[in-house]
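**Q** Listed here are the chains, written in short residue letters.
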Amino acid sequence: MRAKKTVSLAFGFVLAASVFVPTAQAAPNGSSASLARTSDNKIQTAAAAEAYWTPERMAAAIPAEGPATVKASSAHQPSGRAGSIDGAAPSVKVQNRQAQGDVGTMLNESQTVGKVFFTNPANGLNYVCSAATVNSGKKKLVQTAGHCVHGGAGGQWMTNWVFVPRYRNGARPFGTWYAYQLTARTAWVNSSSSDEDMGIVIMQTSGGNSIVNVVGGNGLRWNWGYSVYVTVLGYPAAPPFTGELQYYCQGTTYHPHGQEVEIACNMTGGSSGGPWLQEYNDQNGLGYINSVVSHRHSDANVMDGPYFDNDIKSLYDFAESLSP
Amino acid sequence: MTSNLPKAGSCTRPSGNPGDPVFRPHGMSYRVLVAVIVVALLATGCGNRSAGLGGNDVRGKVFKSTAVTEQGEPRALVEGTVIELNFTEDGRLIANAGCNMMQGPVTLDGGKLAVADLSSTAMGCPSPDLHKQDEWLTKLLSATPSWKLDGANLVVTGPNTEIVLSAEAPAKLEGGTWKLTSLIQADAVSSVPGGVPATLQFQDGKMTAFTGCNNASGSYKVDGQTIAFDSVSVTYKACGPDEMAADRAMLGVLAGQVTYKIDRGSLTLTNAKGEGVQLRK
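Which chain is which? The protein sequence lines are A and B, in order.
In terms of the numbering used here, the numbers along the first sequence are unbroken and rise by one, the last being 688.
In terms of the numbering used here, the numbers along the second sequence are unbroken and rise by one, the last being 344.
If you are wondering where the hints come from, they were derived from the structure by calculation, not from laboratory data.
Glycine residues also receive a C-beta, built at the ideal position from the N, C-alpha and C atoms.
Just so you know, not all the hints are guaranteed correct.
[What the hints assert, rightly or not] If you anchor each label on the Cβ, the simulated ranges turn out as follows:
{"hint": "1", "chain 1": "B", "residue 1": "K284", "chain 2": "A", "residue 2": "T540", "range": "45 to 53 Å"}
{"hint": "2", "chain 1": "A", "residue 1": "T540", "chain 2": "B", "residue 2": "C302", "range": "25 to 33 Å"}
{"hint": "3", "chain 1": "A", "residue 1": "D450", "chain 2": "B", "residue 2": "G238", "range": "47 to 55 Å"}
{"hint": "4", "chain 1": "A", "residue 1": "T616", "chain 2": "B", "residue 2": "K284", "range": "50 to 58 Å"}
{"hint": "5", "chain 1": "A", "residue 1": "N487", "chain 2": "B", "residue 2": "G174", "range": "26 to 34 Å"}
{"hint": "6", "chain 1": "B", "residue 1": "D286", "chain 2": "A", "residue 2": "K502", "range": "40 to 48 Å"}
{"hint": "7", "chain 1": "A", "residue 1": "G534", "chain 2": "B", "residue 2": "G123", "range": "39 to 47 Å"}
{"hint": "8", "chain 1": "A", "residue 1": "K502", "chain 2": "B", "residue 2": "G173", "range": "50 to 58 Å"}
[Stated by the list, open to error] DSBU-like mimics (lysine-lysine), calculated; alpha carbons at most 35 Å apart, straight line:
{"hint": "9", "chain 1": "B", "residue 1": "K336", "chain 2": "A", "residue 2": "K677"}
{"hint": "10", "chain 1": "B", "residue 1": "K242", "chain 2": "A", "residue 2": "K502"}
{"hint": "11", "chain 1": "A", "residue 1": "K502", "chain 2": "B", "residue 2": "K300"}
Model the full assembly from the supplied sequences, consistent with the hints where possible.
**A** Next up, the structure:
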């Protein structure tokens, strides 16, 4: 049985410029103090954010319950030697396509995290996910969920796969990056194994630059145990979220079942593939990817991701070996 | 938890030799264990064939909806979508209503479709209607609906809702042209770089292939899940790196004995080293 858990906080990143925020609705009654932080870590009280966070939305995001209860870990033991690959800051200065300050620099909104758009050739429909760059020697890799690149057992590779770093309300400050090649675990492609719902995409260069050199690349960690403190970033698009800006959850993961980790987070559809970052640095937007958003069960306030063990390192090495 | 219970579809006794460690959940008496086995035999249809409630005819098959009714009226699905129910050989239900993948362990005993813990991926759907359709299917499947086979159709009936689905025929190895979609290296798989258009055909014992760079042909014999190739000849052309990657993968499974598996429209060929390719028609 799954223990009942209460949700931790999931707030929207709030813009200084209200032009990007949905038009005003009912005036909120909730405390703006619990809304979001600005780039200098102060409480944001922008009217636009208040307009978005109606009492109904706030109620949906933050249930009025006691502190989170964390399920005790089971007999399942993580194994293998802990591994870590360091991240990298951008090395290339790129002209911001949305200059003139109409995209505020939000230091706690990561430029290594972006929205993913793709087509499932099985039915021709378009879907969205989330993803994040991961550092490597060739600087071209983006980490996401397996189901964001392949339909699983009997399914197909997604097509028209693009990654838009720090997407916000249609703004694409670092442009649109196209996939060169998609990779996933055989256990995902052949069996839709949730334990291995991980994918890495090799991106094409843009203007001669590799993506990690432009937006930076997160580190990667595996075999770090089921209980770690992480920042989850993503683009939830199903109500009450809009998918138009980056959202985050923070908390300590725990072990629910199988080779998976779970966290209290109420992000909705569109967050799939979003990184679970250890040691997320609010100033440079980098952390160490330790899982990705995979799926939810009946409790909409928690989400599961694959436990990063040797499987992710193996996939990472595979993708890097294929990278041009 | 592993068990020695018979696999659905077989009517053999529980396997294992005397003296082997026996599957016995902690605290379970042998009397209860025997009861569990009897129930399992009944559930697989072995004890009572006429009951037909165990899902023997459903496991390993994919069903797609042909009609959905609610309160006796037709319910229109979002355009371009159907309901898919995939009963995997390993006892899961993988369901899809046009957006997210739902899955969980499923039992089919007593004419009831019971999914213990249905999970759902968290993709963003093309329209709010598809999110709603996902929720609608989740709710239906979580309500332990009834199921029955009506001729070739599967009929799933929940509160006020009925879905009629027909079995999807898996692709056939022979005939038609398989197109390369994936390159497999043991535990990892990639799409085909540059979309190199490699192809493969099986017809009347003769294999022909275009590897993305070279042409190959030979004879083959199918035995169970194995294909044995013989007298394979290949042209010797060099191409660009993407083409050569496809070429290496294709030639890696067009010699000697390889295993093959067809899952829906997908063909997987794997050699003894665990390398392989996937193709679709």
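**Q** That 50 to 58 Å hint for A:K502 and B:G173 (C-beta), does it hold up?
**A** Given a distance of about 56 Å, which is inside 50 to 58 Å, the answer is holds.
**Q** For a C-alpha distance cap of 35 Å, please report whether B:K242 and A:K502 respect it.
**A** Roughly 30 Å between the alpha carbons, so the hint for B:K242 and A:K502 holds.
**Q** Does the hinted range 45 to 53 Å hold for B:K284 and A:T540 at CB?
**A** Because 49 Å falls inside the window, the suggested range holds.
**Q** I want to verify a distance hint. Is the separation of the beta carbons of A:T540 and B:C302 within 25 to 33 Å?
**A** Hint holds: Cβ distance 30 Å, inside 25 to 33 Å.
**Q** Just tell me: holds or violated, for the beta carbon distance of B:D286 and A:K502 against 40 to 48 Å?
**A** 43 Å, holds
**Q** Hey, A:K502 versus B:K300, does the alpha-carbon distance stay inside 35 Å?
**A** 29 Å, holds
**Q** Kindly confirm whether 50 to 58 Å is satisfied by the beta carbon distance between A:T616 and B:K284.
**A** 57 Å, holds
**Q** Can you let me know if the beta-carbon spacing of A:G534 and B:G123 is within 39 to 47 Å?
**A** Since the Cβ atoms of A:G534 and B:G123 sit about 45 Å apart, the hinted range of 39 to 47 Å holds.
**Q** Within 26 to 34 Å or not, the Cβ separation of A:N487 and B:G174?
**A** 31 Å, holds
**Q** Is the hinted range of 47 to 55 Å satisfied by the C-beta distance from A:D450 to B:G238?
**A** 52 Å, holds
**Q** Taken at face value, is the distance from the CA of A:K677 to the CA of B:K336 at most 35 Å?
**A** Roughly 20 Å between the alpha carbons, so the hint for B:K336 and A:K677 holds.
Hint compliance for this structure: every hint is met.
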